Each structure stands twice: as structure tokens, then as C-alpha cells.
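2 protein chains.
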Amino acid sequence: MEELATRLEIEDLQENLEAVQGLLARHKQVEGLVARQESPRRELMEQLVQKLHLVELRTRLDKLHSADIAYVLEALPLNERLLVWHLVKAERDGEILLEVSDAVRETLIASMDSDELVAIAETLETDELADLAPDLPKEVLADVVQSLTAEERAQLRAALSFEEGSVGALMDFDMVTVRDDVTLEAVTRYLRRMEELPDHTDQLFVIDRARKLLGTLPLARLIVSDLELDVSRVMVPEAVKLHPDDSAQDAASAFERYDLVSAPVVDAFGALVGRLTVNSVVDHIQESSSETRLAEAGLREEEDIFAPVWNSFKNRWAWLAINLVTAFIASRVIGAFEGSIEKLVALAALMPIVAGIGGNSGNQTITMIVRAIALGQIQGPYWRKLLSKEIGVALLNGLVWGGLLGVIAFVLYSNVALGAVMTLAMTLNLVLAALMGVAVPYMQARFGKDPAVGSSVIITAFTDSGGFFIFLGLATLFLV
Amino acid sequence: MEELATRLEIEDLQENLEAVQGLLARHKQVEGLVARQESPRRELMEQLVQKLHLVELRTRLDKLHSADIAYVLEALPLNERLLVWHLVKAERDGEILLEVSDAVRETLIASMDSDELVAIAETLETDELADLAPDLPKEVLADVVQSLTAEERAQLRAALSFEEGSVGALMDFDMVTVRDDVTLEAVTRYLRRMEELPDHTDQLFVIDRARKLLGTLPLARLIVSDLELDVSRVMVPEAVKLHPDDSAQDAASAFERYDLVSAPVVDAFGALVGRLTVNSVVDHIQESSSETRLAEAGLREEEDIFAPVWNSFKNRWAWLAINLVTAFIASRVIGAFEGSIEKLVALAALMPIVAGIGGNSGNQTITMIVRAIALGQIQGPYWRKLLSKEIGVALLNGLVWGGLLGVIAFVLYSNVALGAVMTLAMTLNLVLAALMGVAVPYMQARFGKDPAVGSSVIITAFTDSGGFFIFLGLATLFLV
Chain A
1 MEELATRLEI
11 EDLQENLEAV
21 QGLLARHKQV
31 EGLVARQESP
41 RRELMEQLVQ
51 KLHLVELRTR
61 LDKLHSADIA
71 YVLEALPLNE
81 RLLVWHLVKA
91 ERDGEILLEV
101 SDAVRETLIA
111 SMDSDELVAI
121 AETLETDELA
131 DLAPDLPKEV
141 LADVVQSLTA
151 EERAQLRAAL
161 SFEEGSVGAL
171 MDFDMVTVRD
181 DVTLEAVTRY
191 LRRMEELPDH
201 TDQLFVIDRA
211 RKLLGTLPLA
221 RLIVSDLELD
231 VSRVMVPEAV
241 KLHPDDSAQD
251 AASAFERYDL
261 VSAPVVDAFG
271 ALVGRLTVNS
281 VVDHIQESSS
291 ETRLAEAGLR
301 EEEDIFAPVW
311 NSFKNRWAWL
321 AINLVTAFIA
331 SRVIGAFEGS
341 IEKLVALAAL
351 MPIVAGIGGN
361 SGNQTITMIV
371 RAIALGQIQG
381 PYWRKLLSKE
391 IGVALLNGLV
401 WGGLLGVIAF
411 VLYSNVALGA
421 VMTLAMTLNL
431 VLAALMGVAV
441 PYMQARFGKD
451 PAVGSSVIIT
461 AFTDSGGFFI
471 FLGLATLFLV
Chain B
1 MEELATRLEI
11 EDLQENLEAV
21 QGLLARHKQV
31 EGLVARQESP
41 RRELMEQLVQ
51 KLHLVELRTR
61 LDKLHSADIA
71 YVLEALPLNE
81 RLLVWHLVKA
91 ERDGEILLEV
101 SDAVRETLIA
111 SMDSDELVAI
121 AETLETDELA
131 DLAPDLPKEV
141 LADVVQSLTA
151 EERAQLRAAL
161 SFEEGSVGAL
171 MDFDMVTVRD
181 DVTLEAVTRY
191 LRRMEELPDH
201 TDQLFVIDRA
211 RKLLGTLPLA
221 RLIVSDLELD
231 VSRVMVPEAV
241 KLHPDDSAQD
251 AASAFERYDL
261 VSAPVVDAFG
271 ALVGRLTVNS
281 VVDHIQESSS
291 ETRLAEAGLR
301 EEEDIFAPVW
311 NSFKNRWAWL
321 AINLVTAFIA
331 SRVIGAFEGS
341 IEKLVALAAL
351 MPIVAGIGGN
361 SGNQTITMIV
371 RAIALGQIQG
381 PYWRKLLSKE
391 IGVALLNGLV
401 WGGLLGVIAF
411 VLYSNVALGA
421 VMTLAMTLNL
431 VLAALMGVAV
441 PYMQARFGKD
451 PAVGSSVIIT
461 AFTDSGGFFI
471 FLGLATLFLV
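Sequence lines, in order, name chains A and B. Residue numbering for the first sequence follows the working numbering, beginning at 1 and increasing consecutively. Residue numbering for the second sequence follows the working numbering, beginning at 1 and increasing consecutively.
The hints are simulated quantities; they were obtained by calculation from the structure and are not laboratory data. Incorrect hints may appear among the rest.
[Claimed, not checked] Estimated spans, in silico, between C-beta atoms of each pair: (1) B:116 - A:226: 34 to 44 Å; (2) A:188 - B:111: 29 to 39 Å; (3) A:286 - B:478: 48 to 58 Å; (4) B:188 - A:446: 36 to 46 Å; (5) B:447 - A:161: 47 to 57 Å; (6) A:269 - B:314: 49 to 59 Å; (7) B:283 - A:321: 32 to 42 Å; (8) B:164 - A:383: 47 to 57 Å; (9) A:194 - B:22: 44 to 54 Å; (10) B:160 - A:286: 43 to 53 Å.
These numbers come from a predicted model, not from an experiment. Each residue gets a CB set at the ideal place from its N, CA and C atoms; glycine is no exception.
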């Protein structure tokens, strides 16, 4: 909390960044001057001025919360970023490394030697160390593990063994436990002996001799209750319990539904192994929603916006390659009808409309259904209901937009049959989009895949190739 | 908390839904039997059985947390939903209405008469009432306002006056305040007199006579401190403060960065007016990320998945209309080159590839930049740096994918010039995509619009029409 001392208003964030940038710019300017000047005395003076800027910068950084320094680091190009990084006090490096994005963390870790990294890692708690471990060089990690106690080593091993996206990977070990057969008076005395409670301690966990979780004792209840009472009388006996292998997403929706601040994590025998806090949950929600959005646009991971061209290329190429394949297939569908297009060139101009609107409509269907799946709202018996509704919407859309486009095609090319084919093709492609918009997420959910990722490419592939095929096929049958 | 009593494991959620569905199905079955039977005695028996199912259902519902009932309601088709809704105890209706999605809330409110709604609204706190107000019939709201105290009316008026997406709209008034010149002993006595503390009370707010916020007193600190001390000695004098007109998004990132559970909201004079809690923040994050994703796919609002076809049509038509216009423009671009296509029909088959890959690449650029803008990472001086990086990536992509497609076009159509035009057109369209991928969010941010919404349509419009124009234009120049 003491770090927050100077952070009064949230608007300061932007101001801080601008101040750092200003100092960096002045520092750079002086550096430029120094390079151009020959006179040694002048040089000395400039160096002094430059030093002053760095001192001012360091003073400013010292006053910032670690999360705010992380924010500044992410917004600076590589050179400036490393300059700021090396001005930050070493004991805060660990916290900051935990706050920055993966891409930026890599650049920071790459700039440090093993000794520095070992020193940083030793300042972290085991659950934090587990978060950082994948990015640390192996020899650094080995050195750090050596310095841990046996208990910490066991915790680290456990934390590393949980899959990403599980409660185990998000939980921490900072819980305060009490026994059920003591009085609140004793609990209060016990707490007073601690200098401060771990962050997000809204409740104490009540356990028996075997560490089995018996209930929780909310601080708010402890404070308003009679101190003579036993813990067992005051505790909440049955609260939400999590397991380390529960999915983090389920845990997040439990936190959201039941408005939790912390929740106990128990093993298969009901013994307390850790706790999950709302701040980890919020981080997880933000991270996973951002990952989904990046994945939907075909970015493999978050990009450091100042990354070199080559890194960006590597991050993006797979998606473009997949789309190239689907576009190529659509192109070959058109190629099969080149004879028809040669005879009636209007087809070439109209076909992208049929394909495009199908894709848009299919994406609407899929977005709605993926969301409903994620919320667990679609159950077995309702899939058919849903499908018939979506086909109804598609037919209505076909009538309205297909009809409109049929008229436009007729007006443009004075060809009634062409207008009719346009309307029919639009309607059929919209029905195809509705079918696939339900079928694709259904199959993905069936086979245990995350329907949020990739469904948009799949549906667009169908509505493109399908749209071209339906429109050009109908045209070949009825017009050419 | 007592409502949670039966909720031990998060897996129960699915189970509850299935149990309710099972009971509903049995209820329906019996209803069907009754309709087919004539014998009055048999009928009576069936009615009894049916009643039993409803009793069992009601018992089950009574044990569920309001949020879990909301979940069940959202997952049921309209008829079943209303049946369950009317089985729920009236005093919980208010809480449940607050939990369900907007679309489902409308269906529930539509099924109730004014008296019921007034009774529900009177059970709510003013900040909750403000959330529900937009969905209530006017006469109901007027009736409810009549029953409020003057202070509550002022709170309601204030809560309704804040814009959606501001801290004011999310805050509540359930804070516990203490004065700075009393002892912790007195504070503890004061708290003991309350039966329970409001949810998410992790800290008390310290104010002076004029309600000016002086600091906060975390419960965790109150518990471990010497009771003889004055509040002013123990309080955290400077904590994160919010203003009612701060954006909820900024507040959410403050909660995320500083790991807050609650934060005080103060007016321009520093007087305490409310508090923001992490559960409201989590709800806001979830809601706004879901809204963005729906908006990106052109869904105007969340859809009740069991809504009638006509409602879905209304929710989706605007987007399809916009896309129809952009597709029509692209179609007219192609129309302008019909002469060239007639002479070289291969152009018709190849042109969608150029347009499609441009669109995909542009969307990658825009997704990355929109994200960086949202995180506040892109500052004035860095736009140009970013643009040149994106153009670099585009040129590299053009070289790789354009080159590959050039070779494929050459192989397919044995036409070297066609292959060269393909490569050149791909590269130019990728550069266009990079330009627009940076320019569109830049302009949107400049004019204060949310760059997350609509940028995908805009960029696709450019890369489609632009791609067709570049490819067909080059072909007309060099090939025909």
C-alpha cells in the first residue's frame, strides 16, 4: 500500500508516461549535443545536465507503483525501455517483470545477466516464481530452486504442474488459517501478532488438524461478533470451494456470480491447498479475453508494438497462410465456372456480394452461439430449436436483402433472370451460413475445442466457396 | 452468504440446470397426459403428480443462489422460463432481475403487472434501482420514486444522471464511514453494533465533519492494530480516489493495476459520495468485453437465444445493410473493369484472393493497434514509427505471399505477366491494408470514437474495393 502514496487520481497514469517521455527526450537531446561538441569543458557540463535528467527520472520512477512502471515500459520503444528499466531499483524488478506483457518481459529478461535474474527471482513468492519460470533461462531457474526451502520447492513444483488456465495455476499460498475450536478472542490476538495480513484477506480459512477445510471466517463477521464465541459458532460452514484442476474460467464465473473476493482451493480429500483471489481472477479474465480477440484476428500472441518487422511477421504468418488456402479454394471454384463468366461477365461483378453477405451473416450467427455456449446456455434439446430459428432468420434476410439485390441486379443489367438468380443465390447462401453457423460451434463444442477460435475462418471459407458455387452454378443452369 | 449454503462446488451449476430441465420435462409430459385423458379421476391423479413436480422444482429453486436462478432462466425457452420465474419467491425477484441479461429481463418484466413490479422495485437499494430503471414502465418507476425517502430520491437522481460507462453509474452507497479523531476501540464498538458489514467492505472510509475524504482504514489494518490508537494514526492517508465522471474503463484498469477490492468515489470538493467495489468492476469488464465482441460481429445487443426470428432480424439488419453497401461499391469497381475480365477471365478467379488476404492482414494490424490504444501504449511520437513498421511487415508479406501466388497464377494460367501483376497487386493491397490499418484507428482515436467498433468493416471496405481496383487496374494496364 505504501507504494500508492503518490497515486491519488487515475488520470496521473498518462501524465507519468508523458513526464518520463519528456525526460527521455531531453536526455536524448543532450546526448546529441554532447556527441556534436568538442570542447571538453562544455562536454562535462552537458554530461552533468544529462545526469540531472536521469536523476530526476529515477526519482520519478521510484515514486511510481510497479504496475505503473510496467505500463510506462510497455509504451516505450526498445532503447528507451531498457534505459528506464536499468534506472528502476533492483528490488522492484521482480514485481515489475510480473506485471509487464509476455512480449515486453522477454526484451527485459534478455537485457539482464544470470546473476541479476537469480537475485530478482529470489525476491518472489513461489506462486509468482511459477508465473515467471517459463521465461527464465534454465540455469537461472535451477540456481533459484536451490535456494528454496523444501516446502517452497514442493509449492513451486505443484504450481508448475498445473495446466495453464486451471485454478491451480492461478492460486497463491498466502492464506491465514485458524482452527475451529479456538475463540475469536484468540484469533484476534493471533492476527495482532502478524504485522499485516496478506493482500485480499477478506476471510480466514478454518481447518482441522488434518488441514481439512471446515469453513471460512470472514473478517467482516469476526469484527462484528462477540469475541467470547468459538470460531466454529461464527464461521460460514459451507462456502464456495475450488479444486486446483477446476478451469479458471469456471472459477471466474463463480467469482462473478457470487461476488467473491477470495475462495479456498482444496484437494480431493478436502484439505486446504491454497486460495484464489479476485485480483488473479480479474487478471485472468482480462488476459483470456484479450487472447481470444488476438486469436480471432490470427495473431498468435500479444505483440510488443515496437517489435522488429520479422517478429511481427512470424506472429502473423500462420493465419495468412490458412486464409490463403481457403481463398485459393474459392478461387478454384470460380475457375470452374470461367466459361459462364466469359459469356455473362456481370457474374464476376455480382458474385462477391453473395459471398460477402453470407460471410457476415454467418459470423453473426456464430458469435451469438459461441457466446451462448460459453455461458453454458445451450443444452442438448435446444440445438434443433436454435437451428430452425437461425434458418428462419436466414430466410427472412434472403427475402429482404436478396430481393433488394435482385432488383438492383435487374436495374443494372436489365436482365430479369439474372435478378432472380441473384435473389435465390443470396437466400441459399444465407441458409448455408445459418447451417454452418450452428454446425461449426456445435462440432467444436462436441470435440472439446474452444469454439471462439478459428470458427470465423471456417465459416467464411464455407460462405465464400459456397456462395461462389451456388451463384455461378445457378447462373450456369438458368442463364448461360 | 446464507444463500450460498448449498453451493459447494462450481460443477453444481450445470447439474442444477439439468435438474430443472428434467423436472420441467416431466411436468410437460404429465400435462400432455392430462390433456389426452378423459376420466376425471385419472385427471385428478395426474394433476396431483404434476403439482408434486412443481413443488419439487420450487424447493430446488429456493435453494439456489439468485445468480444461479438467473443462469437457469437465461438457458430456458420462453414458456419454461416464465413457468420457473413464477415459481421463484417474490422477494428474490429483484435480485434475479438484476442478474439476468437485458434481453431476458425484458421478457420477464413483460410477464408481470405493475403491482408486482412496484413491489419488486421497492426491495432494491437505490443504486440497484437505477440499474433497473431503464427497463421499468414509467408509471411503475413513478410509483416507486414516491415511496423513497428524500435522501434515497437524491441518490437515485444522481445515479440516473451519470452516463453509462462512468464510475458514477457503477458505484453504490453502502460504505461504512468513520471519523479520524476517534480511537480504533470506538470504531470496533461502532462496527459491533451493526449486524453485518456491507458486502466487499475491505476498508472503512475516514471523513471529516464536511464528509471530505481523509483516508481509508483497511479492516486488515484495523484488526492488527492497537485499539488505543486514533484512526488518524492508523489510516492510509492517500489511497486511490475515483470521481463519478471517471470512465469505468479507467477505474477498471486502476482496480486491476492496484489490486483493489473497493475504492472511494469523491466529488470535485473531495467529499465522499459513494464507493466502487470489485464485483461491479468485474461485471463491467465482462459486459463491456462481451458488448465489444457482439458489436464487432454487428449484433446491436445481446440476443436472447430463444428470441423470435423477427427480434433477431431487427438486431442484425443494420450491419448487413452496411456490408451490403460496401459490397455493392466493390461490385461496381469490378463492373468498371468488365471489359478486361471479358478478355481475360482468369482475372475473375484471382481477384478475390487479392482482396481477401488484404482484408485479413489489415484486420491483424488493426486488432493489434486497437489493443495498444486501449492500453494507452501508443503516444503521439510513436505513430510514425508504428506506420513504418506495419508497412515493413506488409512488404515482407507481399514478397512472401504475393510471390507465392504469382507463381501459382503463372502455373495455372501459363502467363508470366499475369503472375507478375498478381504479385504486385498483392503487395500494393497489403501496403494499403497496413496504411488503413494504422490510419483508421488513428482517426477514430483522434475524433474520440471507440476504435474497437466498426474498424473491421471500414478496413475490409478499403481492402475489397482497393484490392479489386489495384488488381484489375494493373491487369488492364499491362495485360489486356
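Going down the list of hints, with the structure as the test:
Range check, residue 116 of chain B to residue 226 of chain A: Cβ separation about 41 Å, and the 34 to 44 Å hint holds. Checked against the hint of 29 to 39 Å, the C-beta distance between residue 188 of chain A and residue 111 of chain B comes to roughly 50 Å, which is inconsistent with it. Remark: the range hint 48 to 58 Å for residue 286 of chain A to residue 478 of chain B is upheld by a beta-carbon distance near 50 Å. The given range of 36 to 46 Å is broken by residue 188 of chain B and residue 446 of chain A, whose C-beta atoms sit roughly 57 Å from each other.
Between residue 447 of chain B and residue 161 of chain A the beta carbons are some 50 Å apart, a value that agrees with the proposed interval 47 to 57 Å. Taking the beta carbon of each, residue 269 of chain A and residue 314 of chain B are about 54 Å apart, inside 49 to 59 Å as hinted. For residue 283 of chain B paired with residue 321 of chain A, a C-beta distance near 39 Å keeps the hint of 32 to 42 Å intact. At about 34 Å, the CB distance of residue 164 of chain B to residue 383 of chain A disagrees with the hint of 47 to 57 Å.
Residue 194 of chain A and residue 22 of chain B have their C-beta atoms about 49 Å apart, which keeps the hinted 44 to 54 Å range intact. Evaluation of the 43 to 53 Å hint for residue 160 of chain B and residue 286 of chain A yields a failure: the beta carbon distance comes to about 29 Å.
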